[in-house]
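Asks: Just so you know, the protein sequences line up as chains A and B, in that order. The letter at position 44 of the first sequence is residue 887 when you use the working numbering, and the numbering goes up by one with no holes. The letter at position 224 of the second sequence is residue 795 when you use the working numbering, and the numbering goes up by one with no holes.
Hints are computed from structural coordinates only; laboratory data are not their basis. Even glycine gets a Cβ: it sits at the ideal position worked out from N, Cα and C. It is possible that some hints are incorrect.
Not the full set, but computed from the structure, chain B residues with beta-carbon under 8 Å of chain A [as the list claims (entries may be wrong)]:
| no. | residue |
| --- | --- |
| 1 | A576 |
| 2 | I578 |
| 3 | C582 |
| 4 | L587 |
| 5 | A591 |
| 6 | Q601 |
| 7 | A652 |
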Amino acid sequence: MFEDGSIFNQLLVERLNYFIYVVLLLIGLWAMIAKNNLIKKLIGMSIFQTAIILFYVSIGVKEGATIPIYLPEHDPHGSHAQLDSNHTELLSHGA
Amino acid sequence: MKKAAFILVLCIGLLLAWAAKDFPSWGDPQSPASSSPVASHFIANTGVDTEVPNMVTAVLADYRGFDTMFETVVVFIAGLAVFSILRGGPKNRTRDREFVVDFEPDLIVTNTVRLIVPVIQIFALYVLAHGHVSPGGGFQGGVAMGASFILIALSWDLKTALARFPIERCFTVAALGIVIYAGIGLLSLFLGGEFLDYAHLAKIFPVSPEMARYHAMLGVEIGVGFTVTAIMFALYASLSTDGRMRDGL
Numbered sequence: 844m845f846e847d848g849s850i851f852n853q854l855l856v857e858r859l860n861y862f863i864y865v866v867l868l869l870i871g872l873w874a875m876i877a878k879n880n881l882i883k884k885l886i887g888m889s890i891f892q893t894a895i896i897l898f899y900v901s902i903g904v905k906e907g908a909t910i911p912i913y914l915p916e917h918d919p920h921g922s923h924a925q926l927d928s929n930h931t932e933l934l935s936h937g938a
Numbered sequence: 572m573k574k575a576a577f578i579l580v581l582c583i584g585l586l587l588a589w590a591a592k593d594f595p596s597w598g599d600p601q602s603p604a605s606s607s608p609v610a611s612h613f614i615a616n617t618g619v620d621t622e623v624p625n626m627v628t629a630v631l632a633d634y635r636g637f638d639t640m641f642e643t644v645v646v647f648i649a650g651l652a653v654f655s656i657l658r659g660g661p662k663n664r665t666r667d668r669e670f671v672v673d674f675e676p677d678l679i680v681t682n683t684v685r686l687i688v689p690v691i692q693i694f695a696l697y698v699l700a701h702g703h704v705s706p707g708g709g710f711q712g713g714v715a716m717g718a719s720f721i722l723i724a725l726s727w728d729l730k731t732a733l734a735r736f737p738i739e740r741c742f743t744v745a746a747l748g749i750v751i752y753a754g755i756g757l758l759s760l761f762l763g764g765e766f767l768d769y770a771h772l773a774k775i776f777p778v779s780p781e782m783a784r785y786h787a788m789l790g791v792e793i794g795v796g797f798t799v800t801a802i803m804f805a806l807y808a809s810l811s812t813d814g815r816m817r818d819g820l
């Protein structure tokens with residue numbers, strides 16, 4: 844059942860994050876459609892949003908990456924850049 | 572109804588699970604989101620075009636400034652719609668329920684809130700003003716600021732909060748935020764650039780074009796913060812009183 848290439852292996856082992864995202868999304872969608880209580884609908888919407896965030900993280904995550912904010916020493920013309928001897932080298936790296 | 576919803580949800584789930592096999596695997600450096608030319612353009616040019624270290628803010632407030640401006644307008648229209656729908660209907664639409672709840676604001680709760688509201692507001696201003704250097708920005712700071720007013724309304728009553736931030740002033744401040752945003756855009760238009768092309772502001776301010784973008788981004792974030800703060804509180808005040816603006820929760 845879990846041999847290479849089977850649909851279960853693809854969905855539950857290699858792409859478990861996408862499986863969790865689908866399940867969370869369905870729980871949220873179900874709560875928004877089927878529940879009459881407005882607070883429960885809101886909770887469903889919150890679960891739905893969590894699923895979307897997991898999806899965004901899943902397609903964009905990279906090993907060893909960092910947040911998209913320049914460190915001061917990598918900022919091409921940041922005012923806090925340290926003007927040491929290898930500054931020009933860092934500049935060519937950053938830009 | 573529930574059965575139809577269940578079948579619908581199940582169909583959508585099968586479609587999504589079927590589509591999942593085309594998505595990149597976890598941590599794939601060649602995934603479309605990482606290798607798209609747009610993403611690499613932003614990463615390479617944010618530090619060249621602007622002085623802003625936070626690329627997310629540069630994309631939000633500069634490269635895609637037009638989008639963010641209308642997001643702010645959407646927030647404003649949402650608040651206005653909730654207010655006018657609840658205020659506008661027939662007068663006897665809701666039974667004028669009399670909550671004769673005779674209560675004093677709790678001593679411990681009000682004193683705690685008295686202590687933490689200034690801290691919340693300082694933090695909101697920090698998140699707003701520091702949004703282009705660290706994570707944050709107008710939307711986040713505005714939400715935190717609006718939450719401080721909601722906290723006042725929850726711990727005392729709505730009247731106390733409305734005395735500090737009347738509902739008319741809410742919509743004035745919200746409109747002012749959009750005027751600030753669009754005004755910065757129009758100013759750069761009149762200075763010879765395109766709408767929201769902040770680099771042209773360097774012609775009237777003694778800064779470099781890159782630094783002009785930095786300061787203009789702060790300006791539009793402040794506009795967004797004004798709108799979000801006011802609309803957060805206006806939404807709470809409208810919804811908690813059925814639009815009657817008295818005797819809230």
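Asks: Under 8 Å is the threshold here; is the Cβ of L587(B) close enough to any Cβ of chain A for the hint to stand?
Replies: 5 Å, holds
Asks: Does the interface hint hold: is A652(B) within less than 8 Å of chain A, judged Cβ to Cβ?
Replies: 17 Å, violated
Asks: Is the interface hint for I578(B) satisfied, with its Cβ closer than 8 Å to some Cβ of chain A?
Replies: With a minimum Cβ separation of about 11 Å from chain A (threshold 8 Å), the hint on I578(B) is violated.
Asks: For the restraint on A591(B), tell me whether the closest CB of chain A is nearer than 8 Å.
Replies: 4 Å, holds
Asks: Grab the minimum C-beta distance from A576(B) to chain A and call the hint holds if it beats 8 Å, violated otherwise.
Replies: Where the cut-off is 8 Å and the nearest Cβ of chain A is about 4 Å from A576(B), the hint holds.
Asks: Closer than 8 Å between Cβ atoms is the bar; does C582(B) clear it against chain A? Give me holds or violated.
Replies: At about 10 Å, which exceeds the 8 Å cut-off, the nearest Cβ of chain A leaves the hint on C582(B) violated.
Asks: Was the hint right that Q601(B) lines chain A, CB cutoff 8 Å?
Replies: 10 Å, violated
Checked against the numbered hints given earlier, this structure breaks hints 2, 3, 6, 7; the rest are met.
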